[in-house]
Amino acid sequence: MAKMESTFANMVLVLTAIALISALLLGFTHLQTAERIAENRAARQRAALEVVLPEFDNDPMEEAYEIESIERLLFHPATFEDEPIGLAIRTYSRQAYGGELQLMVGFSPDGIITGVQVLQHSETPGLGDAITRDRFLKQFRDIDPREFDLRASVDNGDIDTITAATISTRAVADAIRRAVDAFEKVEGAQ
Amino acid sequence: MAGDYVTIVIAAMLVNNLVLVQFLGICPFLGVSSRLSTAIGMSAAVMFVMTIAGIATYLIRQFLLMPLELQFLQTVAFILVIASLVQLVEIVMKKVSPPLHQALGVFLPLITTNCAIMGVALLIVQHQYDLAQTILFAIASAIGFTIALVAFAGIRERLALMPVPKAMRGGPIALVTAGLLALAFMGFQGLA
Amino acid sequence: MADGLSFKNEITKGLFRENPVFAMLLGMCPVLGVTSTAINGIGMGVASSAVLLSSNVVVALIRDLIPEKVRIPAYIVVIASFVTVVDLTMAAYLPELHESLGLFIPLIVVNCLILGRAEAFASRNILASSVIDAVTMGVGFTVALAMLGAVREVLGSGSLFGLAFVHEDATTMLLFIMPPGAFIALGFLIAGVNTGVRKARAVAAAARARAVSAEPAAEGVR
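Chains as they are written, first to last, in this note's numbering: chain A, 1 to 190; chain B, 1 to 192; chain C, 1 to 222.
None of these hints come from the bench; they were simulated from the model.
All C-beta atoms, glycine included, are put in the ideal place defined by N, C-alpha and C.
There may be inaccurate statements among the hints.
[What the hints assert, rightly or not] Mimicking SDA-like on lysine to any residue, the simulated pairs with C-alpha atoms at most 20 angstroms apart in a straight line are:
| # | chain 1 | residue 1 | chain 2 | residue 2 |
| --- | --- | --- | --- | --- |
| 1 | C | 69 | A | 19 |
| 2 | B | 166 | C | 189 |
| 3 | B | 95 | B | 84 |
| 4 | C | 69 | A | 112 |
| 5 | C | 69 | B | 169 |
| 6 | C | 69 | B | 92 |
| 7 | C | 199 | B | 169 |
| 8 | C | 69 | A | 54 |
| 9 | C | 69 | A | 6 |
| 10 | C | 69 | B | 110 |
| 11 | B | 166 | C | 170 |
| 12 | C | 69 | B | 80 |
| 13 | B | 166 | C | 192 |
| 14 | C | 69 | A | 85 |
| 15 | B | 166 | C | 200 |
| 16 | B | 166 | C | 193 |
| 17 | C | 69 | B | 44 |
| 18 | C | 69 | C | 24 |
| 19 | A | 138 | A | 6 |
| 20 | B | 94 | B | 164 |
| 21 | C | 13 | C | 173 |
| 22 | C | 199 | B | 164 |
| 23 | B | 166 | C | 69 |
| 24 | C | 69 | A | 8 |
| 25 | A | 185 | A | 56 |
| 26 | C | 199 | C | 69 |
| 27 | C | 69 | A | 138 |
| 28 | A | 185 | A | 112 |
| 29 | B | 166 | C | 121 |
| 30 | A | 185 | A | 64 |
[What the hints assert, rightly or not] Simulated coverage check for chain A against chain C, where a stretch passes if three residues somewhere in it have a Cβ under 8 angstroms from a Cβ of chain C:
| # | segment |
| --- | --- |
| 31 | 16 to 23 |
| 32 | 142 to 149 |
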């Protein structure tokens, strides 16, 4: 086969054709994977809700709501036999080492933190990603934010700092404090 | 708010240095660092393209990809924008400022596959910066790249005169040196 | 005979003589960026190899249809498309690996190794040899990433493939997970591998010299 000449028409034609084919291929892949990616994300959130909240029988994912004055936080109310038993707040921090950190923080109705899970992070594998381990997260189980100083131990707070991952620990603290502030605002309003 | 901007600049320049902490732009870092003068030329070209590319990719994402919900085309769109920008910059530079073109021309084609440019464009998305923060972040990152590259080139010029064990010559000793430089940059941790 | 030789030639080329990481220092950003564990290293290696193979195949197939002057933009679109396919597929089926490789998956698009092979090899060779080139180069790249990941994980976390062999609270050499350790570990790894390759080559050359002196008729096989 002879090599295509580099005339203007040829160049435009070939590039357009390649762009079209690639757009079709990507559109197809996107359609194939989009649902599954969304499902993965939802499954992860659901799993996190189950860990941070006591047993519930409603659907906190479905009933999630936002509050206008508190940007970007998502509130998941949990009930058992129509009794409110807790509230999970999806919170974030931008102080993490790599990109945004997203946490799910569970509260009991009287404001005790019932658990924390990491939803999304870009911390260094082997270092900062220790924040996802149960060993680190279990210190947030059943603590009272009015008594527990939600700052890293290197900043004279009560959170055990992960060795060599001070920044990641601080980001977790920042995200939890944001959730606590929001919880107080929501509960105070009621 | 001003404090936020200072944090972005310090973080991008030193704490999260593009080359030594984020591992972006390693190819030019190792490739054009054997002489100080070429390192400076490369840095200038990167700074120029990185700033424009940061702004251009930000605008493309905000006003084209997001409204049309085509975020999955981001990688393709960004690399095409960067590749065209590099060509455009080269053509404009040739016309407007031939001396500048002569100085930076040889580095421009290399920049398309410089992961630092693409990396910064993607980091801007990841950090969800607004336009002002985007510009600041792109410039500060480029300065961080320059600091690392120029410091490294300075060290390598001296290293070239040293007796190095046969096994370590070339790439290995350069990497170990970069490691020590990265170790020094870890001292900036906690600044921002 | 000649065919067998060149096939073997191709394989040792990708793995040793022209190993993209050890011999040519290509595609270094992901090499350093994601190798804090062996699994991540392999994941990145396989993802890059998949893109390398697909783009080498497509470039080899359409090389005669692309006008000379727009070949680089055309290759870039081809590569970027495959990167996006890999990116989306991993997000759908391997969400955890996808998350820990993060930024470096879209950055496969600017991996000099891939554009380099498209431009230097696939655009000039027929399909079959382009496939072999992509596979050997991809395997070489993956092996290098896995080796570096294993070294860093063992020294830095005291584990291999996520299986810890030290106590949870044990003090490990955290430096090797952190950025400086990546550079230093790779430096010594390259020095080690290159010395090994040089030694092996010297041994082979000596063996050949002996064979040639013993049997002059074998000359020409090299």
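Here's how the hints hold up against the structure:
A threshold of 20 angstroms between alpha carbons decides the hint, and for residue 69 (chain C) with residue 19 (chain A) the separation of about 16 angstroms falls inside it, so the pair holds. Of the supplied pair hints, the one linking residue 166 (chain B) and residue 189 (chain C) holds, its CA atoms being roughly 14 angstroms apart against a limit of 20 angstroms. Pair hint residue 95 (chain B) plus residue 84 (chain B) holds up; C-alpha atoms about 17 angstroms apart against a cutoff of 20 angstroms. Taking the CA atoms of residue 69 (chain C) and residue 112 (chain A), the gap is about 66 angstroms. The hint is violated against a cut of 20 angstroms.
For a cut-off of 20 angstroms, the pair hint linking residue 69 (chain C) to residue 169 (chain B) is broken: about 38 angstroms separates their Cα positions. The straight-line distance between the Cα atoms of residue 69 (chain C) and residue 92 (chain B) is roughly 19 angstroms, inside the 20 angstroms bound, and the hint therefore holds. Proposed proximity of residue 199 (chain C) and residue 169 (chain B) is supported: the alpha carbons are some 16 angstroms apart, at most 20 angstroms. A distance of roughly 64 angstroms separates the Cα atoms of residue 69 (chain C) and residue 54 (chain A); the hinted pair therefore is violated under the 20 angstroms criterion.
The suggested pairing of residue 69 (chain C) with residue 6 (chain A) holds, with an alpha-carbon distance near 6 angstroms, which does not exceed 20 angstroms. The hinted pair formed by residue 69 (chain C) and residue 110 (chain B) meets the criterion: a straight-line CA distance of about 17 angstroms does not exceed 20 angstroms. Restraint check for residue 166 (chain B) and residue 170 (chain C): not satisfied, since their Cα atoms lie roughly 36 angstroms apart, outside the 20 angstroms limit. At most 20 angstroms may separate the alpha-carbon atoms for a hinted pair to count; residue 69 (chain C) and residue 80 (chain B) meet this at roughly 16 angstroms.
For a cut-off of 20 angstroms, the pair hint linking residue 166 (chain B) to residue 192 (chain C) stands: about 11 angstroms separates their Cα positions. At roughly 67 angstroms between alpha-carbon atoms, residue 69 (chain C) and residue 85 (chain A) are farther apart than 20 angstroms, so this suggested pair is violated. Distance check on the hinted pair: residue 166 (chain B) and residue 200 (chain C) sit about 16 angstroms apart at the alpha-carbon level, within 20 angstroms; holds. Restraint check for residue 166 (chain B) and residue 193 (chain C): the C-alpha separation of about 13 angstroms stays at or below 20 angstroms, so the hint holds.
At most 20 angstroms may separate the alpha-carbon atoms for a hinted pair to count; residue 69 (chain C) and residue 44 (chain B) exceed this at roughly 27 angstroms. Taken as a hint, the residue 69 (chain C) and residue 24 (chain C) pair is broken in the structure, with Cα atoms around 27 angstroms apart against an allowance of 20 angstroms. The hinted pair formed by residue 138 (chain A) and residue 6 (chain A) fails the criterion: a straight-line CA distance of about 65 angstroms is larger than 20 angstroms. Taking the CA atoms of residue 94 (chain B) and residue 164 (chain B), the gap is near 42 angstroms; set against the 20 angstroms cutoff, the hint is violated.
Restraint check for residue 13 (chain C) and residue 173 (chain C): the C-alpha separation of about 34 angstroms exceeds 20 angstroms, so the hint is violated. Of the pairs offered as hints, the one joining residue 199 (chain C) and residue 164 (chain B) holds, with about 19 angstroms between alpha carbons and a cut-off of 20 angstroms not exceeded. Simply put, residue 166 (chain B) and residue 69 (chain C) have alpha-carbon atoms about 43 angstroms apart, too far for the 20 angstroms limit, and the pair is violated. Between residue 69 (chain C) and residue 8 (chain A) the alpha-carbon distance is near 10 angstroms, which keeps this suggested pair within the 20 angstroms criterion.
A C-alpha spacing of about 23 angstroms is found between residue 185 (chain A) and residue 56 (chain A), which places the hinted pair above 20 angstroms, so the restraint is violated. Of the pairs offered as hints, the one joining residue 199 (chain C) and residue 69 (chain C) is violated, with about 44 angstroms between alpha carbons and a cut-off of 20 angstroms exceeded. Taking the CA atoms of residue 69 (chain C) and residue 138 (chain A), the gap is near 60 angstroms; set against the 20 angstroms cutoff, the hint is violated. Taken as a hint, the residue 185 (chain A) and residue 112 (chain A) pair is honoured in the structure, with Cα atoms around 15 angstroms apart against an allowance of 20 angstroms.
Annotation: proposed proximity of residue 166 (chain B) to residue 121 (chain C) is violated, straight-line Cα distance about 31 angstroms (limit 20 angstroms). Restraint check: the Cα-Cα separation between residue 185 (chain A) and residue 64 (chain A) comes to about 17 angstroms, which is no more than 20 angstroms; the hinted pair holds. With 3 residues having a beta carbon nearer than 8 angstroms to a beta carbon of chain C, the segment 16 to 23 of chain A meets the requirement of three or more and the stated coverage holds. Counting residues of the segment 142 to 149 of chain A whose beta carbon lies closer than 8 angstroms to any beta carbon of chain C gives 0, which falls short of the minimum of three for the stated coverage.
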